[in-house]
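S.K.: What follows is each chain in one-letter form.
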Amino acid sequence: MTLGRGSFLSELVERAGGRNIFDDLAVPSAVISIEAVVQRDPDLVLVADAGEPGIAGRPEWRVVRAVRRRRFVHAAGSEFSRPSPRMPEAVRQLARAFGAVPR
Amino acid sequence: MRPTAVLALSVAVVLALALGLLLGTVSFGPLDALRALRDPAATGGAILWQIRLPRVLLAFLVGGGLGVSGACLQALVRNPLAEPYLLGISGGAGLGAVVGIALGWEVATAVPLAAFAGALLAMGLVYRLAAVAGHRMDPRVLLLAGVVVSAFAGALVSAILTLSPAARLRNAFLWLLGGFSSASWALVGIYALYAAAPLGLLWGASRWLDLLSLGDETAQSLGAQVARTRRLVYLTTSLLTAACVAVSGMIGFVGLVAPHALRGLIGPLHRRLLPAVFLGSGAFLVVADACARTVVRPIELPVGVVTALVGVPLFASLLRRTLT
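Here the protein sequences line up with chains E and R, keeping their order. The first sequence runs 1 to 103 under our numbering. The second sequence runs 1 to 324 under our numbering.
Check each hint, because a few of them may be wrong.
Okay, the calculated bits of chain R under chain E, using three or more residues with CB under 8 Å as the criterion [as the list claims (entries may be wrong)]: (1) 19-29; (2) 51-59; (3) 292-299.
Here are the in silico distance ranges between beta carbons for each label pair [said to hold, decoys possible]: (4) GLY51/E / ALA192/R: 29 to 35 Å; (5) PHE8/E / ARG320/R: 35 to 41 Å; (6) ARG86/E / ALA18/R: 50 to 56 Å; (7) TRP203/R / GLY51/E: 44 to 50 Å; (8) LEU19/R / ARG86/E: 48 to 54 Å; (9) ALA56/E / ALA108/R: 16 to 22 Å; (10) PHE98/E / LEU31/R: 38 to 44 Å; (11) ARG5/E / LEU37/R: 32 to 38 Å; (12) ARG65/E / PRO30/R: 24 to 30 Å; (13) PHE98/E / LEU319/R: 56 to 62 Å; (14) ALA100/E / ALA159/R: 41 to 47 Å; (15) ALA76/E / VAL147/R: 51 to 57 Å.
These stretches of chain E come out as covered by chain R in the derived footprint (C-beta under 8 Å, 3 or more residues) [claimed, not checked]: (16) 25-35; (17) 57-67.
In short, the hints are calculated from the structure, not lab data. Glycine residues also receive a C-beta, built at the ideal position from the N, C-alpha and C atoms.
Generate coordinates for the entire structure from the input sequences, incorporating the hints supplied.
M.R.: This is the structure in structure tokens:
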């Protein structure tokens, strides 16, 4: 399950200077194939829970480079889940994570 | 079995598997695929080995399991419309699996057993409901009861999915319409663990299934222990369906398509029919899954949508034929 264009998180990511690899999906959220994630090869994976995500240990997900390298960004706090005055803080956190990506 | 039937079936299976392996979000030509398979560490090879192969294999095995369940249930109630989804067995198994996952049980061991318990419960409920129409089990009432139990189980599944905080359950579509988006070698192993025994048992019971499909009195007079055989077939088809549902959710109508197509081609004897149905249903579900993941890529449709699009018109035509 991923988030497409027009979703709240997708917008946060853009404002932080990143790009949602599925921003071409016209729907806010959809079930997509792992292959599509492999093909689009994200630098970072945004996960909605705190802690080690379940996909990190699954062999079929380890085909994704960012998962193999454990490039996870946790977007678990409530500042990521709904519009609020703390949005700038969420954008700052994301921008920090994006800045740390080795090129 | 006629050689032409064997040939047609093997061609269909090979084509389906090749199609399933080559088509996807990332499509391969046949030669590219062979080259990629030789290098499992590269991206293409990793996609084929870790994502595409287990998925195609799981779809094939689950399709085979659902098809065999369907063919056996059809012999049991002597009606070509019987099928684990329509008889509510899949619904019960789905409910059991979802309850198991919501309670945090182990996916490999406890969840298929929870699905089995759910399938048995649903089966019992369907029987009690259908018994209202008399002891002889009118197949039409049985199907009606199955659909009602299925709807009930679906409602409970929706309630659990809505209320449960478990992150694994968020993909409600998987359970309500089935899908192979989370296929992995581990799931193939879990399926094999639970499905091998019932598949073998049902094939071993071919002779009894032949007799049962002649009618209870005839079967009895030909030496079948009708009540015991019935119970055995119910238990084993429930376990087989539960194994399918536990790894892929509720996928409907798979048990109708191949048995219907193959009975005309191969004849009604189960010793030959069941293996053919296994292969045919497997091929059907592999193709259905290939459609589900390519039609609107990169988004995936639940595979149950595709099987319903094929299965419901077939159901309508079978219904017309059995009533006239």
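S.K.: Hints first: check each against the structure and report whether it holds.
M.R.: Hint by hint, here is what the structure shows:
Coverage of a stretch by a chain is defined here by at least three residues with a beta carbon nearer than 8 Å to that chain's beta carbons; for the segment 19-29 of chain R and chain E the count is 3, and the condition holds. With 3 residues having a beta carbon nearer than 8 Å to a beta carbon of chain E, the segment 51-59 of chain R meets the requirement of three or more and the stated coverage holds. Judged by the Cβ-Cβ criterion of 8 Å, the segment 292-299 of chain R is covered by chain E as claimed, because 4 of its residues qualify and three suffice. Remark: the range hint 29 to 35 Å for GLY51/E to ALA192/R is upheld by a beta-carbon distance near 32 Å.
Range check, PHE8/E to ARG320/R: Cβ separation about 50 Å, and the 35 to 41 Å hint is violated. In this structure the hint that ARG86/E and ALA18/R lie 50 to 56 Å apart at CB holds, the actual value being about 52 Å. Distance hint check for TRP203/R and GLY51/E: the Cβ-Cβ separation is about 46 Å, which falls inside the suggested range of 44 to 50 Å. The given range of 48 to 54 Å is respected by LEU19/R and ARG86/E, whose C-beta atoms sit roughly 50 Å from each other.
At about 18 Å, the CB distance of ALA56/E to ALA108/R agrees with the hint of 16 to 22 Å. Between PHE98/E and LEU31/R, the C-beta spacing of about 39 Å keeps the proposed range 38 to 44 Å intact. Between ARG5/E and LEU37/R the C-beta distance comes to about 35 Å, which sits within the given range of 32 to 38 Å. Between ARG65/E and PRO30/R the beta carbons are some 26 Å apart, a value that agrees with the proposed interval 24 to 30 Å.
Between PHE98/E and LEU319/R the C-beta distance comes to about 58 Å, which sits within the given range of 56 to 62 Å. At about 42 Å, the beta-carbon gap between ALA100/E and ALA159/R stays in the expected band of 41 to 47 Å. At about 42 Å, the CB distance of ALA76/E to VAL147/R disagrees with the hint of 51 to 57 Å. Given as covered by chain R, the segment 25-35 of chain E passes the check, having 8 residues with a CB less than 8 Å from a CB of that chain where 3 are the minimum.
Only when three residues or more bring their CB closer than 8 Å to a CB of chain R does the claim for the segment 57-67 of chain E stand; here the count is 5, and the claim holds.
In summary, the structure is inconsistent with hints 5 and 15 from the numbered list given earlier, while agreeing with the others.
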